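Participant: Take a look at the letters that make up each chain.
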Amino acid sequence: MASALINVPARAKRGDIIEIKTLMSHIMESGYRHKASGEAVPRDIITSFTCRFNGAEIFRADLFPAIAANPFFSFFTTVTESGKFEFEWIGDKGFSETASASISVE
Amino acid sequence: MGVSRRISRRKFCSASAAAAVTALASPLPALAQSAARIIVIGGGFGGASCARALKQIDPKLQVTLVEPNRTFTACPFSNNVIAGLRSIEEQKFGYDKIAASGITVVALEATTINAAARTVGLADGTSLAYDRLVLSPGIELRFDALSGYDEAAAAKMPHAWKAGEQTLLLRKQLEAMDDGGLVVITAPANPFRCPPGPYERACLIAHYLKTKKPRSKLIILDAKDAFSKQRLFQNAWKELYPGMVEWVSLSQGGKVNAVDPATNTLITDFGNHTAQVANVIPPQRAGRIAAIAGATDNTGWCAIDPVTFESRSAPNIHVIGDACLAGAMPKSAFSANAQAKTCANAIATLVAGRSPAAPKLINTCYSLAAPDYGISIAGVYHPKNGLLADVEGAGGVSPLEASRDFRAREADYAQSWFATITAEVFG
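Line order of the protein sequences matches chains A and B.
As numbered in this note's numbering, residues 1 to 106 make up the first sequence, in order.
As numbered in this note's numbering, residues 1 to 427 make up the second sequence, in order.
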């Protein structure tokens, strides 16, 4: 069962640089491993992560098989107005998860 | 006639024995002719076991055990001390019997090692020469790994990962805590001393809380997503301490990055936890003398040859116990004892000018989920591709479904194991 962890400050001053942290639990199976029987373990990874603020994309990352399980992102942005951050993870086998967090800017 | 025949046979035997010695003696290196000097640094389960095993295998070896403490305080069963189930005195062992068995015990700290000259420098400025050196220094806590967690912080937020004063400090804090308080244990990423230890500790602290402070809670903040005997422990938490123990894994934000000793706060990327009692088990590395000897690699631990336990980087220096990277073998007292015997055999063989055979080693770890509820894991290991690997199909863990009577018997076995190993090593 996938679950997202989000750390966004609840409030900030206009123009502040804030740090956003996210962690999505996911096995990130590379596709390069084999079972004891020799059979390949199929690839199962997150391929894309996106963060939007009030509808506009502010951060995007493509993910690849070398990235470890439970991808953790930390990134920074400048806040100019109150609003909502929306996060989206998309991956193999139809994986799709979203999360959101609001910030109030004074 | 009979008499004369006996005499002649005895003469024949002694003559052939002498011939055998002469024939063997000439190709051996010089040190095999005089007694080889073996120094063992560290008087815990690994070092003390190794010194004794060396002396038992070959009484002619000159064995010196260097250990600054006059008393050894054992870690196995120290979680019982924390939970108020056992006296710390029962954890303490001395070196008198070891000294009486013909081993020179030097109660000084080893401060320097000269691998080229094969000497060990001691805290009083003197030095000792060796033919082979065994390091069994245990662990050093990494006070640089968690922001805010240094030695001063450990006096407020005990690690209790080296038995002694820290064990008693954690005990006192639990006794002083109000009913309804929050206890937080932080567990490090692998590898570390005693992989099931944090989870046994959670059980036994929960046992104390349930008995004395039933409105309290315990949270484990973990830098891992899996741990030793996981399902057995999780079942025990549900069965014995429902609603009391919560495990927060790495993927649930359990990794602690920093601590604030002023407020007893544990800081993760996704939130803070303020505890009444905070038990911070920090990341670890090999005991300091291993780095001084040049036996550690960039992990902070010691890579070894799995047949002889000789360091991969420091010739004539062997590393056993928690300090070494033993592949699949966990860092436990049982492992240290098994490695000590293997290493002693290898050294006795090497100083006699022969090559040691590939060993098989065993480890068993008992944990208590309650005083009368034991669970265990056992493994057998052998050298494979330069590491110690699991022997497939050997060993195992306690069954997930078992009667309380079965669990009680395993708790008894745990007690017997401790009595046996401490009698063998220190008795």
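Since the hints were derived computationally from the structure, they do not count as laboratory data.
These numbers were taken from a predicted model, which means no experiment stands behind them.
Worth double-checking, as some hints may not be accurate.
[As the list claims (entries may be wrong)] Below, simulated DSS-like cross-link-like pairs (lysine-lysine); rule was C-alpha separation at most 27 Å, straight line:
1. 224/B - 93/A
2. 93/A - 35/A
3. 162/B - 92/B
4. 238/B - 217/B
5. 97/B - 35/A
6. 97/B - 55/B
7. 217/B - 35/A
8. 172/B - 217/B
9. 172/B - 21/A
Participant: Checked against the structure, which of the hints given earlier come out wrong?
Facilitator: Hints 5, 7 and 9 contradicted; others consistent.
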